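**Student:** With the hints as extra help, turn the sequences into a complete structure.
Numbering follows this note's numbering, with no gaps: position 89 of the sequence shown is 90.
To be clear, the hints were calculated from the coordinates, so they are not data collected in a lab.
Treat each hint with caution, since some may be false.
Said to hold, decoys possible - Computed beta-carbon distance windows for the label pairs: (1) ALA64 x PRO7: 18 to 28 Å; (2) ALA64 x PRO5: 33 to 43 Å; (3) ILE43 x VAL20: 35 to 45 Å; (4) ARG16 x TYR79: 21 to 31 Å; (5) HIS45 x LYS18: 32 to 42 Å; (6) HIS69 x ASP12: 30 to 40 Å; (7) PRO5 x HIS69: 29 to 39 Å; (8) THR55 x ARG16: 34 to 44 Å; (9) ARG17 x GLU56: 35 to 45 Å; (10) GLU56 x PRO7: 35 to 45 Å.
Unchecked claim - Pairs of lysine-lysine, DSS-like flavour, derived with a Cα cap of 30 Å: (11) LYS35 x LYS18; (12) LYS18 x LYS30; (13) LYS38 x LYS67; (14) LYS18 x LYS67.
Note that this is a predicted model, so its numbers are computed, not measured.
Even for Gly, the Cβ is constructed at its ideal location relative to N, Cα and C.
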Amino acid sequence: LNIPTPFRGIDEGTRRKIVYPNDLIKYYKIWDKKLLKVFNRIPHLHQPLQELLTEEMWNEIVAVSKGHQEMKSILNNYYNDESRTEERKPSKEKNTAV
Numbered sequence: 002l003n004i005p006t007p008f009r010g011i012d013e014g015t016r017r018k019i020v021y022p023n024d025l026i027k028y029y030k031i032w033d034k035k036l037l038k039v040f041n042r043i044p045h046l047h048q049p050l051q052e053l054l055t056e057e058m059w060n061e062i063v064a065v066s067k068g069h070q071e072m073k074s075i076l077n078n079y080y081n082d083e084s085r086t087e088e089r090k091p092s093k094e095k096n097t098a099v
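**Tutor:** Okay, here's the thing in structure tokens:
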């Protein structure tokens with residue numbers, strides 16, 4: 002969820018209608034709790050994308066689901082690309098092209 006600009010998502014029947022770039026930072030604690038509530042079900046449900054995971058990653062998921070390991074926060078997925086922010090800033094130099 003690293004988006005550069007806000008966008009209006011599909012109506013999911015919630016109060017929030019717009020997704021913002023800082024949502025992950027703002028809501029990670031709430032989202033972590035929601036994930037933890039259902040994490041133990043992951044190994045018991047069909048996971049069609051499991052083949053894309055390394056064995057080590059799948060073992061970590063199973064360990065978290067059994068309570069043997071702490072779940073990493075979804076905040077670890079946040080990517081702050083400062084260089085992209087710099088690229089979007091207007092240049093302070095005057096255009097001297099003729």
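**Student:** Determine for every hint whether it applies to the structure shown.
**Tutor:** Quick rundown of the hints versus the structure:
1. ALA64 x PRO7: 18 to 28 Å: violated, 36 Å
2. ALA64 x PRO5: 33 to 43 Å: Holds: the Cβ-Cβ distance is about 34 Å, inside 33 to 43 Å.
3. ILE43 x VAL20: 35 to 45 Å: Violated, at about 24 Å.
4. ARG16 x TYR79: 21 to 31 Å: For ARG16 and TYR79 the Cβ distance comes to about 23 Å; the hint holds.
5. HIS45 x LYS18: 32 to 42 Å: holds, 34 Å
6. HIS69 x ASP12: 30 to 40 Å: For ASP12 against HIS69, whose Cβ atoms are near 39 Å apart, the range 30 to 40 Å holds.
7. PRO5 x HIS69: 29 to 39 Å: Check passed, 38 Å falls within 29 to 39 Å.
8. THR55 x ARG16: 34 to 44 Å: holds, 38 Å
9. ARG17 x GLU56: 35 to 45 Å: Holds: the Cβ-Cβ distance is about 37 Å, inside 35 to 45 Å.
10. GLU56 x PRO7: 35 to 45 Å: Cβ of GLU56 to Cβ of PRO7: about 38 Å, so the range 35 to 45 Å holds.
11. LYS35 x LYS18: holds, 19 Å
12. LYS18 x LYS30: holds, 20 Å
13. LYS38 x LYS67: Between LYS38 and LYS67 the Cα gap is close to 12 Å, so the pair holds against 30 Å.
14. LYS18 x LYS67: violated, 35 Å
Against the hints set out earlier in the document, violations occur for numbers 1, 3, 14.
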